[in-house]
Amino acid sequence: MDEEPERAKRWEGGYERTWEVLKEDESGSLKATVEDILFQSKRKRVRYVLTMEDQDLKPNRLTATLKLMEYFVEEYFDQNPISQIGIITTKNKRAEKLTDLAGNPKKHTTALKKEVDTACVGEPSLYNSINLAMQTLKHMPGHTSREILIIFSSLTTCDPANIYELVKTLKALKIRVSVIGLSAEVRVCTVLTRETGGTYNVILDESHFRELLLHHVKPPPANSSSECSLIRMGFPQHIIASVSDQDAQPSFSMAHLDSTGDLNLSLGGYYCPQCRAKYTELPVECKVCGLTLVSAPHLARSFHHLFPLEAFQEIALAEHTGEGFCQACQGELKDKSVFTCSACKSVFCVECDLFIHDTLHCCPSCIHSQGPS
Amino acid sequence: MASEDEISLLVIVLDVNPIWWGQQAQREDEFTLSKCMDAVMVMANAHLVMSRTNKLAIIASHCQESHFLYPSKHWKAGDSCGDDSSSAGGDGKYEVLSVANKLISEEIRSLMARTEVKGHQTDTLMAGSLAKALCYIHRISKEIEGKVVIKAAEDCALQYMNFMNVIFAAQKQNVLIDACVLDSDSGLLQQMGLLLELCGIYLVSDLSCR
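So the sequence lines, in the order shown, correspond to chains A and B.
Sequential numbering of the first sequence, starting at 1, is according to the numbering used here.
Sequential numbering of the second sequence, starting at 1001, is according to the numbering used here.
One should not assume that every hint holds.
Stated by the list, open to error - Which residues of chain A face chain B? A few of them, derived with a C-beta cut under 7 Å, are:
hint, residue
1, Pro160
2, Thr196
3, Ala300
4, Cys329
5, Lys334
6, Ser337
7, Glu351
8, Phe355
9, Thr359
10, Leu360
11, Pro364
12, Ile367
13, His368
Unchecked claim - Here are the computed distance ranges between Cβ atoms for each label pair:
hint, chain 1, residue 1, chain 2, residue 2, range
14, A, Lys334, B, Asn1174, 19 to 29 Å
15, B, Lys1147, A, Leu299, 22 to 32 Å
16, A, Thr340, B, Ser1141, 23 to 33 Å
17, A, Phe252, B, Lys1035, 46 to 56 Å
18, A, Cys275, B, Lys1035, 48 to 58 Å
The hints are simulated quantities; they were obtained by calculation from the structure and are not laboratory data.
Ideal Cβ positions, reconstructed from N, Cα and C, are used throughout, including at glycine.
Input sequences plus hints: build the corresponding full structure.
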């Protein structure tokens, strides 16, 4: 175990000191030496599967991936505030949990930041990591969407048992597995994703990587076979108390009791409607009674995935009669084509069309007609 | 002070529901829409004067539509309204200010005159005006941050979903929203402030002291 990091350094070291070796060698032909060194380094790279330290993504794959993962976590919670993420890493033929399933993005981003310093060592194990993920996801209720996203850089995997058996179990549990490959297409991944209904893509460069990650931020279309059930949720009110109130007493938040960081006393907060336990942030699952506590805006954010805004109709500028101004941003309509909302017939420019569909999710003019009176 | 290159855009969304203002005038003679407009113009002028590159937009939120009081879309940017050269040069005031003030007062006069008021609701279409404000910010400032100030009367529960959508869009764009509510608490704006940490300031003004 200790030898392997040493070898890694020697491999890197060997690469750095190449010019020295060349200098020393005077009698033999230079060409042979160079080829030998290259051959040696290639061999080492393949044998110890240190592909995450590869430099095709700057500064090296691991750092680039971790940075994009932080971005992914933030975007994911932005679009799906009542969901949860857990992170698992694999190296040395083992898998271990980096963070538990949680709904708080800060925990994940701090853990990811710490991972930058770890060395890549040994071979990954697909079987072990999927198994570990499955153990946790198994306990989730049936109406939730359960997914595993694998970022896979190596071309091999070291498994203790038949992975195709595992695929059958995943199908039975209705867990979708998707893979983003960083090197090349691997057959086992293709089978894995095809059988479970996920997607498999191999990246071309960093921007493609980012695009693929963004693709996974949006929730998958609702599966008709998922169970429908009533979900109990609590909507706590925010209580603000000041020191001058007679009844106000500072207290700890239940969420902080487990953490090793600073424990802060706070006066106000959110009180669970079922058991009156206090929390400072939402959304959270109450540790005492298990009720999911959310706030209305969080649900509202998930709403637009279920009822997306219809695409606007595109018509050429020449055909458009009426005012030559975009009704959202008041800018002149200068582009080749303009976009019309089918419901209210208002006209928008290209920029506003993109903005409305990607960010706003509601037509500015339709809102006006939905108002009172 | 901000550096020369930084452009600061301020968008003010003003609630001009005539029914609410009419009722307000009956409750208290002192505080009318014109006084409120004056106060808003003071703030707008102050913003424009702070830096040469500062930009401004004012949206009036009416019961059936939201209308841009400033800048007018028929007025091309960079024009100093050639016809008004007399008023602009008249008292030595900073040109932008005199043009802006004149434009705003004309626009609001015409808006109030031409809009037919249907029904007797005192609610306004805050979500719609905010949506337009965000589209405008998006167009003007790809790189710079914008800020929206809202002066509002009352909430309408029907608009909740749309309002939330607009707030999330603002959060994504890093647009700060300050809210100034006249006379009554607004649950919507409070939610926005507390939960989404978007509000710079949330204040409820007691009309007697303004």
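Task: Interface restraint verdict for Ile367 of chain A against chain B (beta-carbon cut-off 7 Å) - done: 4 Å, holds
TODO: Mind checking the hinted window 23 to 33 Å against the Cβ distance between Thr340 of chain A and Ser1141 of chain B?
DONE: 26 Å, holds
- [ ] Determine whether the Cβ-Cβ distance between Phe252 of chain A and Lys1035 of chain B falls within the hinted range of 46 to 56 Å.
- [x] At 48 Å between Cβs, range holds.
- [ ] Hold the hint about Lys334 of chain A up to the distance rule: shortest CB distance to chain B must be less than 7 Å.
- [x] Because about 12 Å separates Lys334 of chain A from the closest Cβ in chain B, which is outside the 7 Å limit, the hint is violated.
Open item on the list: Under 7 Å is the threshold here; is the Cβ of Glu351 of chain A close enough to any Cβ of chain B for the hint to stand?
Closed with: 6 Å, holds
- [ ] Hold the hint about Ala300 of chain A up to the distance rule: shortest CB distance to chain B must be less than 7 Å.
- [x] Cβ of Ala300 of chain A sits 4 Å from chain B, so the hint holds.
Task: Consistency of beta-carbon spacing, Asn1174 of chain B to Lys334 of chain A, with hint 19 to 29 Å - done: 27 Å, holds
- [ ] Go through the hint on Pro160 of chain A and say holds or violated, using the shortest Cβ distance to chain B against 7 Å.
- [x] 44 Å, violated
Open item on the list: Take the shortest C-beta to C-beta distance between Leu360 of chain A and chain B; is it under 7 Å?
Closed with: It holds, given that the least Cβ distance between Leu360 of chain A and chain B is near 5 Å, below 7 Å.
Open item on the list: Can you verify the interface hint for Phe355 of chain A: is its Cβ closer than 7 Å to any Cβ in chain B?
Closed with: 5 Å, holds
TODO: Using Cβ atoms only, decide whether Thr359 of chain A comes closer than 7 Å to chain B, and label the hint accordingly.
DONE: 4 Å, holds
TODO: Tell me if Ser337 of chain A is really an interface residue toward chain B, meaning its C-beta lies closer than 7 Å to one of theirs.
DONE: Hint violated; Ser337 of chain A Cβ to chain B Cβ min 17 Å, cut 7 Å.
The earlier numbered hints that this structure contradicts are 1, 2, 5, 6.
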